[in-house]
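S.K.: My request is simple: use the sequences and hints to build the entire structure.
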Amino acid sequence: MLAAPFLTSPGVARYLAAPVWLGFIFLLDPVNAHLGAESLWRDWRAGRRDRLINLVLSGFLCGVLWELWNYWARTKWIYTVPGFEDWKLFEMPVLGFLGFPPFAIECVVMVRFFAALGERAAARGQRRARRVRLLAAAAAAVFTAAVFAVTDASVDSVYVPVARLRVLPEDARARLSALGLDSLEKARRALRDAPEREEWSRRSGIPLADLDAAAEALALVAYQGLGDERALQLGRLGIRRRQDLARWTPGALAAALRAQGAAPGERFLERRARVWTRPPS
Numbered sequence: 001m002l003a004a005p006f007l008t009s010p011g012v013a014r015y016l017a018a019p020v021w022l023g024f025i026f027l028l029d030p031v032n033a034h035l036g037a038e039s040l041w042r043d044w045r046a047g048r049r050d051r052l053i054n055l056v057l058s059g060f061l062c063g064v065l066w067e068l069w070n071y072w073a074r075t076k077w078i079y080t081v082p083g084f085e086d087w088k089l090f091e092m093p094v095l096g097f098l099g100f101p102p103f104a105i106e107c108v109v110m111v112r113f114f115a116a117l118g119e120r121a122a123a124r125g126q127r128r129a130r131r132v133r134l135l136a137a138a139a140a141a142v143f144t145a146a147v148f149a150v151t152d153a154s155v156d157s158v159y160v161p162v163a164r165l166r167v168l169p170e171d172a173r174a175r176l177s178a179l180g181l182d183s184l185e186k187a188r189r190a191l192r193d194a195p196e197r198e199e200w201s202r203r204s205g206i207p208l209a210d211l212d213a214a215a216e217a218l219a220l221v222a223y224q225g226l227g228d229e230r231a232l233q234l235g236r237l238g239i240r241r242r243q244d245l246a247r248w249t250p251g252a253l254a255a256a257l258r259a260q261g262a263a264p265g266e267r268f269l270e271r272r273a274r275v276w277t278r279p280p281s
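The opening position of the sequence shown corresponds to residue 1 in our numbering, with each subsequent residue numbered one higher.
Simulated from the structure, these hints should not be mistaken for lab results. Values in this document were obtained by computation on a predicted structure and should not be read as measured data. For each residue, glycine too, the CB sits at the ideal point set by N, CA and C. Do not take every clue at face value.
As the list claims (entries may be wrong) - Here are the computed distance ranges between Cβ atoms for each label pair:
no.: 1; residue 1: Tyr71; residue 2: Lys186; range: 15 to 23 Å
no.: 2; residue 1: Pro19; residue 2: Phe114; range: 21 to 29 Å
no.: 3; residue 1: Tyr79; residue 2: Leu27; range: 25 to 33 Å
M.R.: This is the structure we're talking about:
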């Protein structure tokens with residue numbers, strides 16, 4: 001199952017996330033049973049279902065909590081799964097929640113596997129046990145570095161305080177920051193309604209029309225994780241409000257951004273554009 005994406009064409013491999021997601025369970029749990037460690041396969045053969053049920057329920061509960069926290073987070077995951085953008089709970093496509101129970105099982109299986117290896121190494125002497133621990137630590141470091149390297153390709157934006165938001169005029173962001181509106185969230189809340197913008201215009205000395213434009217720019221930066229850099233690119237295309245995105249098709253928008261040298265997240269640009277160009281709800 002783990003090798004399936006490498007044995008098929010790229011067009012087929014892109015749909016084989018599920019075998020990879022489940023692969024370590026079927027690879028390592030039989031090994032755990034062979035090593036004498038706790039094993040779901042051994043539990044199943046002995047008629048025990050409680051451990052598996054507990055893992056499934058706990059994985060699902062963790063998934064709901066993770067996505068709840070992700071939804072309200074300042075920087076977060078936004079999923080662009082083809083065909084599932086319209087059916088989401090929080091930011092996760094509804095069917096994606098089915099992946100959390102297997103993930104919980106996989107984590108436990110892998111922990112038991114490494115624990116069993118450590119126990120066997122310890123039984124053969126402290127020197128061998130130290131060697132195994134060092135090897136495991138080195139492997140974990142390499143794996144973590146590789147994950148971060150791959151993850152960078154999916155990062156489309158980073159958080160920027162109001163004082164450094166280039167979508168706002170320099171004078172406006174300096175004045176707003178000096179009045180305490182130093183974060184994107186604070187500024188958006190303060191400028192959300194027309195009467196409040198009038199009050200902030202009086203306090204800051206920023207013309208009301210400029211504050212109206214600033215409120216639209218802040219909403220665009222925050223929309224689906226677009227970020228400051230991407231909002232600047234969209235501005236050069238005449239897109240300065242969320243509503244402007246709906247006039248574009250995903251393919252045309254991705255092509256226009258690439259023509260500007262759209263570096264962040266370029267590999268997944270069409271998928272992101274599909275989410276951005278959905279009509280505002």
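S.K.: Decide, hint by hint, whether the structure agrees.
M.R.: Hints, verified against the model:
1. Against the hinted window of 15 to 23 Å, the Cβ-Cβ separation of Tyr71 and Lys186 comes to about 19 Å, which satisfies the hint.
2. Look at Pro19 against Phe114: about 22 Å separates their beta carbons, and that is inside 21 to 29 Å.
3. Checked against the given bound of 25 to 33 Å, the beta carbons of Tyr79 and Leu27, roughly 26 Å apart, stay inside it.
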